[in-house]
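Asker: Listed below are the residues making up each chain.
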Amino acid sequence: MYDLIIRNGLVVDGEGEAGVHADVAVQDGKIAMIGAVTGETRRTIDATGRIVAPGFIDPHTHFDAQLLWDGQARPALEHGVTSVIPGNCSLSLAPLRAADRDIVVGMFQQIEEMPPEAFTKKYAKWTWEDFAGYCAAIEPGLAINVAPLVGHSVIRLWVMGADAQQRAATGAEIAAMQALLRQCLRDGAIGLSTSFVDMDAKGHPVPSRFAEFKELDALCQVLGEEGGRMLQVVPEFYDADITIARIDQLAELSLAHNIPTTFSPVFDSAATPHSAPRILARVAEQFARGARVWPQMQTRPIDISFSLLNPSLYLARLPRWVRILRQPLEQRIAALEDAETRKTMIADCGPDGGEALFGNLVVRGGDKAPAAYAGRRLGDIARERGEGAAEAVLNISREGGLDVAFLAANGGHHATDRIGPMLANPLVHIGASDGGAHLASFSTYGDTGYLFSEFVRKSGDFTLEQAVKKITADTADIWGLKDRGRLKPGLAADIVVFDADTIARLEERPVYDLPGDGMRYIRSATGVDVVVVNGAVAYADGAYTEARSGAICR
Amino acid sequence: MTTDGEVPPAPEAILMGAELAAGHDGQAEMVLRIRYPNGVVGSVLLDAAAGYALMRNCNIDSLDGLAGQSWRKILEGV
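Chains as they are written, first to last, in this note's numbering: chain A, 239 to 792; chain B, 472 to 549.
Calculated from the structure, these hints are not laboratory results. Fair warning: this is a prediction, and the values are worked out from it, not measured in the lab. Any given hint could turn out to be false.
Said to hold, decoys possible - To spell it out: a stretch of chain A is covered by chain B in this simulated footprint if at least three of its residues, at any positions, have a beta carbon under 8 Å from a beta carbon of chain B; those stretches are: (1) 370 to 378; (2) 542 to 550.
As the list claims (entries may be wrong) - Now the in silico label distances, taken between C-beta atoms and shown as ranges: (3) Phe525(A) / Asn530(B): 22 to 32 Å; (4) His442(A) / Ser541(B): 26 to 36 Å; (5) Asn648(A) / Ser541(B): 30 to 40 Å.
For every residue, glycine included, the Cβ atom is placed at its ideal position computed from N, Cα and C.
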């Protein structure tokens, strides 16, 4: 008897070939058969008119802490993501000595914007110090698969203590790091992450930034010896020239140790239109040499957020606004209370009262914005209030003590006619979602739905089958996840059933579901009907189930 | 980097202008274009704090006033 049969769907198996109408049978967590399935089953799902595909894999997340109290990694699962890779950017929660927890927690708070309550014993039991202990702590509660990276910064901290953020390592310390990395890989780590840009809570460079090249080379030697594991890197992504130098460095490591490497993020921007093409050209040159240097590019555009509480460069072309906003907060508030000052600021914004500049902004929730305004277009709100758009920005801000944020959607990485062909480049790895990070700044969920809505249905840069392949089999191959990413008999039964005509991400919204009622921005999914993880239904008909069938991908 | 043959060489690097860009963290950033004495034009990215400091150092109230300023004004903001 089968555990589950998904009947009558269009099976898109992840290989990129045209889908076929078939049934998919599941038994003991594996795919048992694909075709015209007969026989008894404990559960049947009718997928008529739907796509049946491998579960999506998100290769760049920071769910390390969230997985301690939320094994479903909400809302990633409901978007069809069945496997996530946390531990990116040199940071993981293991190996970590008890004495060093505050240091690493500070880094997580700085980089992920995770509230401090998340790391109290109510949510983080801190039963572990080593990597095996962390995996054991999260695995029983997992509803999603986890292929964790181990962070270079915490490896350094374990071996060097406070010196990890002060100096280069000695030969003995590098040898100790090699031994520790080897143990982590054997205990469940899929690879190593490092960063050349991140800072801790005190504004100091994270430990990995103090490493000399010989240290990274020695660690990559271990990655090679342990089966060719992944090295993930955050390069100086804000500078194309330095990023290209890092690509060359990664290529040397890849070739020397026969390992895959990946770096993120790569953005396309109208302000630097040559950067991403130059980076991708260098990647192609290095692949031609035999190196594996995978650039990760996100599908979603970047939205710019600003408030008058923290001066933003978004307003840097409005002289009178600049003069007011760079005053200390108390003086700034006083200045904005003056009607004549506001009048001159509004005059800065043009004869349309700022409609062209501000009309399309969206008022964000999650702060002091009135609930009735959250998520709505500022121009519409201004008309309701009988104000111009600039006047509304000023007055709504004043009414909220300046703690009201406005969102300029599609501020960068948004030109679909440029992004689409880049994403479709076979050397570009779709990733960099940052799921579980930037919690209070923007939503990092729904990139998979956006791939289908924007680049399959709207622009046509991908066929449906190509898009599925890009975020399933391709990702599994790049990361060496041998039993995932495809619908084939014998492989793990990670399956998503979705509607090709409607799968998408919904609007961003604030929720208060973090420890201590902390706020984060999320996006829910639409068009995803069923998500199966290792044979168990983890999400169906708009609701999460009690299934805890996720596993550490070893 | 690109070269720009239309602007005469300067004795030191000068700012040619700036554009706003969307940063990785959802904040607006300033992409400065700098022309070096050898004619090469490169770019430097500044966050809000550094960008506002640069504008203060240049005694200007708008991004549009950066053109022609010395690159040394950036250092004064660091």
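Asker: Give a verdict on every hint.
Answerer: Structure-based check of all given hints:
no., hint, verdict
1, 370 to 378, "violated (count 0)"
2, 542 to 550, "holds (count 6)"
3, Phe525(A) / Asn530(B): 22 to 32 Å, "violated, 49 Å"
4, His442(A) / Ser541(B): 26 to 36 Å, "holds, 30 Å"
5, Asn648(A) / Ser541(B): 30 to 40 Å, "holds, 34 Å"
The structure fails to meet hints 1 and 3 from the earlier list, while all remaining hints are met.
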